[in-house]
Each structure stands twice: as structure tokens, then as C-alpha cells.
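Asker: Since the structure of chain A is already known, use the hints to place chain B with the ligands on it.
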Amino acid sequence: MTEKMKWSKLYLFFVFILLYTPIFYLILFSFNEGGTMNHFTGFTLEHYSTVLQDSRLIQIVVQTLLLALLSSLISSIIGTLGAIGIYYVKNVRTQEVLLNANNILLVSPDVIIGSSFLLLFTIVGFQLGFVSVLLAHIAFSIPIVVLMVLPSLEEINPSMLKAAEDLGANGFQILWHVILPNILPGILSGFFMAFTYSLDDFAVTFFVTGNGFTTLAVEIYSRARRGVSLEINALSALLFIASLLLVLGYYYLSIYSRRMKKVKRGVAE
Amino acid sequence: MTETIVTFEKVRKEYDESTVLKEVSFQLEKGKFYTLLGPSGCGKTTILNLIAGFTEATVGNVLIDGKKVNEIPAHKRKVNTVFQDYALFPHMNVFDNVAFGLRMKKTPKAEIKTKVEEALGMVRLKEFANRSIVGMSGGQKQRVAIARALVNEPEVLLLDEPLSALDLKLRTDMQYELSELQKRLGITFLFVTHDQEEALAMSDEIFVMQDGAIVQKGTPNDIYDEPLNRYVAEFIGESNIVEGHMVSDYRVAFAGYEFDCIDGGIPSSETIDVIIRPEDLEITSADKGKFVAKVDTQLFRGVHYEIILYDQEGNEWMVHSTKKAKEGSTVGIDFDGASIHVMRKNESEADFYKRLDTYTEILEG
Ligand SMILES: Nc1ncnc2c1ncn2[C@@H]1O[C@H](COP(=O)(O)OP(=O)(O)O)[C@@H](O)[C@H]1O
Ligand SMILES: [Mg+2]
Numbered sequence: 001m002t003e004k005m006k007w008s009k010l011y012l013f014f015v016f017i018l019l020y021t022p023i024f025y026l027i028l029f030s031f032n033e034g035g036t037m038n039h040f041t042g043f044t045l046e047h048y049s050t051v052l053q054d055s056r057l058i059q060i061v062v063q064t065l066l067l068a069l070l071s072s073l074i075s076s077i078i079g080t081l082g083a084i085g086i087y088y089v090k091n092v093r094t095q096e097v098l099l100n101a102n103n104i105l106l107v108s109p110d111v112i113i114g115s116s117f118l119l120l121f122t123i124v125g126f127q128l129g130f131v132s133v134l135l136a137h138i139a140f141s142i143p144i145v146v147l148m149v150l151p152s153l154e155e156i157n158p159s160m161l162k163a164a165e166d167l168g169a170n171g172f173q174i175l176w177h178v179i180l181p182n183i184l185p186g187i188l189s190g191f192f193m194a195f196t197y198s199l200d201d202f203a204v205t206f207f208v209t210g211n212g213f214t215t216l217a218v219e220i221y222s223r224a225r226r227g228v229s230l231e232i233n234a235l236s237a238l239l240f241i242a243s244l245l246l247v248l249g250y251y252y253l254s255i256y257s258r259r260m261k262k263v264k265r266g267v268a269e
Numbered sequence: 001m002t003e004t005i006v007t008f009e010k011v012r013k014e015y016d017e018s019t020v021l022k023e024v025s026f027q028l029e030k031g032k033f034y035t036l037l038g039p040s041g042c043g044k045t046t047i048l049n050l051i052a053g054f055t056e057a058t059v060g061n062v063l064i065d066g067k068k069v070n071e072i073p074a075h076k077r078k079v080n081t082v083f084q085d086y087a088l089f090p091h092m093n094v095f096d097n098v099a100f101g102l103r104m105k106k107t108p109k110a111e112i113k114t115k116v117e118e119a120l121g122m123v124r125l126k127e128f129a130n131r132s133i134v135g136m137s138g139g140q141k142q143r144v145a146i147a148r149a150l151v152n153e154p155e156v157l158l159l160d161e162p163l164s165a166l167d168l169k170l171r172t173d174m175q176y177e178l179s180e181l182q183k184r185l186g187i188t189f190l191f192v193t194h195d196q197e198e199a200l201a202m203s204d205e206i207f208v209m210q211d212g213a214i215v216q217k218g219t220p221n222d223i224y225d226e227p228l229n230r231y232v233a234e235f236i237g238e239s240n241i242v243e244g245h246m247v248s249d250y251r252v253a254f255a256g257y258e259f260d261c262i263d264g265g266i267p268s269s270e271t272i273d274v275i276i277r278p279e280d281l282e283i284t285s286a287d288k289g290k291f292v293a294k295v296d297t298q299l300f301r302g303v304h305y306e307i308i309l310y311d312q313e314g315n316e317w318m319v320h321s322t323k324k325a326k327e328g329s330t331v332g333i334d335f336d337g338a339s340i341h342v343m344r345k346n347e348s349e350a351d352f353y354k355r356l357d358t359y360t361e362i363l364e365g
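Residue numbers (the working numbering), protein chains in the order written: chain A, 1 to 269; chain B, 1 to 365.
The set of hints was computed from the structure by calculation and includes no laboratory data.
A few of these clues could be false.
[As the list claims (entries may be wrong)] Cut-off 16 Å, straight-line C-alpha distance, at most; resulting in silico cross-link-like pairs (EDC-like, lysine to aspartate or glutamate):
{"hint": "1", "chain 1": "B", "residue 1": "Lys32", "chain 2": "B", "residue 2": "Glu226"}
{"hint": "2", "chain 1": "B", "residue 1": "Lys217", "chain 2": "B", "residue 2": "Glu349"}
{"hint": "3", "chain 1": "A", "residue 1": "Lys90", "chain 2": "B", "residue 2": "Asp16"}
{"hint": "4", "chain 1": "A", "residue 1": "Lys162", "chain 2": "B", "residue 2": "Asp16"}
{"hint": "5", "chain 1": "B", "residue 1": "Lys32", "chain 2": "B", "residue 2": "Asp65"}
{"hint": "6", "chain 1": "A", "residue 1": "Lys162", "chain 2": "B", "residue 2": "Glu56"}
{"hint": "7", "chain 1": "A", "residue 1": "Lys90", "chain 2": "A", "residue 2": "Glu154"}
{"hint": "8", "chain 1": "B", "residue 1": "Lys217", "chain 2": "B", "residue 2": "Asp351"}
{"hint": "9", "chain 1": "B", "residue 1": "Lys183", "chain 2": "B", "residue 2": "Glu29"}
[Said to hold, decoys possible] Which chain A residues face chain B? A few, computed with CB under 7 Å, are given here:
{"hint": "10", "residue": "Glu3"}
{"hint": "11", "residue": "Met160"}
{"hint": "12", "residue": "Ala163"}
{"hint": "13", "residue": "Asn170"}
{"hint": "14", "residue": "Gln173"}
[Said to hold, decoys possible] Chain B regions said to be covered by chain A (calculated; three or more residues, Cβ under 8 Å):
{"hint": "15", "segment": "80-86"}
{"hint": "16", "segment": "90-101"}
None of the values given here were measured: they were computed from a predicted structure.
We put the beta carbon where it would ideally sit given N, CA and C, even for glycine.
Next comes chain A alone, as it looks inside the complex (with noise of 0.2 Å):
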């Protein structure tokens, strides 16, 4: 039994200094002197310094925020919608079929989404830039979110649907009164997840940028290109801090919120 939680201790241990090593190796070389990743030869904030003065870099920033941001926010109403669709479908066959149809999307590479985007956009000539991008991230984060928010619609107990039709509302009262408020975690969720898949996303960004627009992902890769410095290291550990940050306040807002629903219910008791 000891011997057992011994060993699986140890492997957790192991595979989570695997996760993190790069991690660390690259947060400690931002602030390495040598001004390489070769030898670590004395501490400095040098290179934050650089990173917050390069005013290109904040503006890729910015604009990588406004991209996440408008891609997910559109991404959710029209994936809320086109999962409360699927949910509505009666066959049975077809709502498979349309839910595979998402699935393959979800699954398949971003190259080639990508490139098949880049495909169309040439197609119809259509010019490259910010829409473009914001365009193509609305449409793989689609899938995301109806994914996230089928859940949370087949959790609804359709007796309440029959209800509120009952009680005399139409359905765009149905949708608005119950449906939303009852699956809004679900289109949450799915609103945070696009949110960091376009934040995260490097390929199809890479093929369907122009040349005015780019993301923090491409910027690092084409500065990483170009010869190693240690400011993309400095820019790695503040997003990686800002990501810790990030799933901490995540974290104890899912326990707050826990904590006034208990509270709530000790009051109904």
C-alpha cells in the first residue's frame, strides 16, 4: 500500500518536472545577463525592461486581446444558437450526423484549416488583415463552444421547456427566459476556451495574416527565427505568470461561487 503510493508519487513527480523544466529553464534565462541561453552569468530585469519599451510588441498585445476577445465573443452567440439547433434537431440521425460534422472540425489540423482558408480568402480575393484573422478564428472556435454548451443543454430537464410553454411563453421567451439563464456556465465555458484557442493559435493565424496584422504567436515565432533573444524569454515568463494568474482567480471564483450556493441553499432549508 505505502510502497504503491511511493511509486506513484514519484512518477507524478517525474512527469510534472518533465512539463515544466522548459518552462522554468526559459523563466530563469530571461533573466540571465549573458544575453544568451548558453550560460547563466548574472541576474538582470534588462530584459523586461526592453519588452515593456517596445511599443510594437504592446501593440501585438493589444491586438492579440481584441482579436481573442471578438472572436470568442461572436463565436459564442452564434455557437450558442447553433447548439441549442443540434439540441432541437428531433431525428436522431441527423443531430448525429451535425454533431460529427462539428467533431471533424474540432479534430482536424490547423494547417489545414489554415490553408484551406487562405484557399478561400484568395478565392474571393479577399484582402488579408485583422477581418481575415478575426474571421478564421471565429470559425474553428465555433465548434468549441457548441461542444461546451451541448452539455449543459442536455442537462436541461425538458419538462421545464413544457412548462414555461405551458405558463404561456413563445419560443423566443422559451429561449430567453429559460434555456439561456440555465446553460449560461456551459456558454461560459466555451466563451474562456475560444478565448484561449485564439490567444493560443499560431498555424491558422500564420496562414491567413497579411501583412499589416499579426499576433503575439506569429511575432514570437518570426523573432525566434531571426535569432534567439532573451526579450521573447522575458515576454514568455510574464504571459506565462499572467496564465498563472489567470487559472488562480478561476480557481477561487468556481470555489467562491460553490460557497454562495451552499449558502443560498442553507437559507431554503
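Answerer: Chain B with the ligands only, in chain A's frame:
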């Protein structure tokens, strides 16, 4: 002076290949308490769905207030439903749940407040207005569901097994409350249950269902005392049902003897079912009874003893008696001829009631 509120005209309902309702016809009058009674799967919910508008009749017409409503969607019918699983909105508190119907109809705010408070008062939940639905007990949720339906002042309230999820004590309490509420409001209630005691206790009229058809309609007394056939008799309560045959009008043979009875209009020597309720039988000494039987087992049921006996033909008899019997002893069983009820096999409800009318009159006259 009775007004019809709901009418079914030869309504059939089919799903794909299977027929769920076969030519059901009935009328509901204003202000009465009706019960659909039948085992699970016999089509009770389907009838409610047809009235509420959740499903459409394959053939036949559904009329509400004299108007054909086959094509009118559920949200436009002045009918409300109390669902078996309550179907409350978990994201709203008690007040908002009850106010839902009025809000959908864009009722003025002040009016909503008074009406909701009144409805909550009716189900004794006034202090609960701001509580969350989550964490309420089954009985409380049930009452919220009733208030939510009643606040819309429907002409018909449909209740689909609303008490089946409650424990026995609460169920009995709610039976009283519901029946009192119905009398006070004068709204037509159509109540669905598979529990015969519930049906007998609350209804003005009971429709007994079997396999997508209504087999017998009548008051609780009618159905208890004069069940149409073995199915209804067995469904509606504990009874002794034995096979026998008619000797002549008002003369029936079973358990190896002939007895006087009050049934007639049946060809002599036709094989029939005879039913006598356990509480109509009395145990006496072997020489005094109408026939003799041997005591097999007995159980103490609180109010009475439930005694099981076998007659000389091997028929099982159940007697409810306040006195104890001796197991293994041979006793006499006595009863009044009027407590015998004779049922023809495969008689239609119409023929049954016609025969009953004719022959009871002759006896009384
Ligand atoms: N949507 C449906 N599709 C197919 N069959 C159904 C549907 N709804 C009900 N049925 C069938 O109709 C029959 C009667 O159902 P129901 O009216 O719910 O019975 P009850 O309420 O008396 O238990 C059942 O055999 C059930 O399987
Ligand atoms: Mg049912």
C-alpha cells in the same frame, strides 16, 4: 346547469406504428374533479398532453370551451399543468417561478405582485416568496408548482401524478388540500394517478383506463360498488372475484351454492364473474353461514383482521373482520345478497349501465 369545458371526440393517437389511444371520447364539465386512473403506460399522460397542446391527435377532435383546439399551440391554451417532477425553474426563486406565466403575458407589475402573493397564500407558502427553489422539500416544491399553475386562472388544471413522489403522510395531506382547493376555486381538475385510493378519495368522477382506452367512467361509488369487469374490480381495490354462472334473473351460483342477488338481464347458465368486497363478508359458525370455508391465514391490519379462507371449490376468499378467527378451523361465511355484484365477461360499458338501470329499477319497483 352544467357546462362542458373539455370534449374528446373519437381521439386516436399513434406514434409511428403503435396506437397509444384508441378512439377515446369523453366530456369534462366545469368545476368538477376528474381522475384518470390506470396502470403505467395506459395513455394517461398522452390525454393530458393532448389537452395541454404538447402533442396532436392523429384522428379526432379535442375541444376546449366548445372550440376545436387541435391546431392551437400549447402557449395559447387556457389550460395549465402541474408536472410529476414539478418542472420548476431552478434559476428563479419561488416568487419568480409563480410570476412566470403572468410575466409572459405582460401583466402589470403591481397586479403580478398581488396575484402571486394570493397564489402563494393559497398553498400556504407566503413566507417562502424569496427562497431559492434549490433545497426545498418535495412537498414545498409541489405546492410551488400548483401555485405557479393556478395563478394563471386556467379553466382546466391538469395534474400528472403530482403526488407520487411524496411520502405517504404528505400525500394524504396534499390529497385533502388539493380537493379543498378545487372546491374553493371551482376550476375543473383533471388528475392523473395509478393509485386507486387517491382516485377514490378525491374525485367527483373517475375514468378507469386500460391499454389506451377508457373502460369505465363513473363516480367513485359507482366504480367501487359496480365495477364493469374483473379488470376494473381488481384495479379499484381489494376484492373477492370468483367465477360462477347465472341461474336465472336475481339468482346466481358460485362456491357450490345458489344465492339471491340483485343482478339480472343475463342469459341463464352464462359463465360470469362474481365480486364481493372483503368488508361485506362476515364470519359466523359453520352452520349459520351461506357457505362454509376453512381459515387459512390471518393478518392483523390495525383496523381489522385480514383473513384468508378457502371454500370447498378451492376459491380463495378474503374477509375483513374486527374479530379474530382460528387458523385451520371451518367457519361459515355470511353476506347480504345485495353485496353480490355480477359482472358479465366482455360487456361494454354502455350495455352494462343500461342493464344496471333496467334491472335495479325492476327490483326496487
Ligand atoms: N413520444 C412518444 N413516442 C413514442 N411512444 C410514446 C411517446 N410518448 C408516449 N409513448 C407511448 O405511449 C404509451 C402511453 O404513454 P403515457 O401516456 O405516458 O402513459 P401513462 O402516462 O399512462 O403512463 C406508452 O406505451 C409510451 O411508451
Ligand atoms: Mg404518465
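Asker: The structure should be examined with respect to each hint, and the outcome stated for every one.
Answerer: Now for the hints, and whether the structure bears them out:
{"no.": "1", "hint": "Lys32/B - Glu226/B", "result": "violated, 21 Å"}
{"no.": "2", "hint": "Lys217/B - Glu349/B", "result": "holds, 8 Å"}
{"no.": "3", "hint": "Lys90/A - Asp16/B", "result": "holds, 14 Å"}
{"no.": "4", "hint": "Lys162/A - Asp16/B", "result": "violated, 22 Å"}
{"no.": "5", "hint": "Lys32/B - Asp65/B", "result": "holds, 15 Å"}
{"no.": "6", "hint": "Lys162/A - Glu56/B", "result": "holds, 15 Å"}
{"no.": "7", "hint": "Lys90/A - Glu154/A", "result": "holds, 14 Å"}
{"no.": "8", "hint": "Lys217/B - Asp351/B", "result": "holds, 13 Å"}
{"no.": "9", "hint": "Lys183/B - Glu29/B", "result": "holds, 14 Å"}
{"no.": "10", "hint": "Glu3", "result": "violated, 45 Å"}
{"no.": "11", "hint": "Met160", "result": "holds, 5 Å"}
{"no.": "12", "hint": "Ala163", "result": "holds, 4 Å"}
{"no.": "13", "hint": "Asn170", "result": "holds, 6 Å"}
{"no.": "14", "hint": "Gln173", "result": "holds, 6 Å"}
{"no.": "15", "hint": "80-86", "result": "holds (count 5)"}
{"no.": "16", "hint": "90-101", "result": "holds (count 4)"}
The structure is inconsistent with the numbered hints 1, 4 and 10, although it conforms to all the rest.
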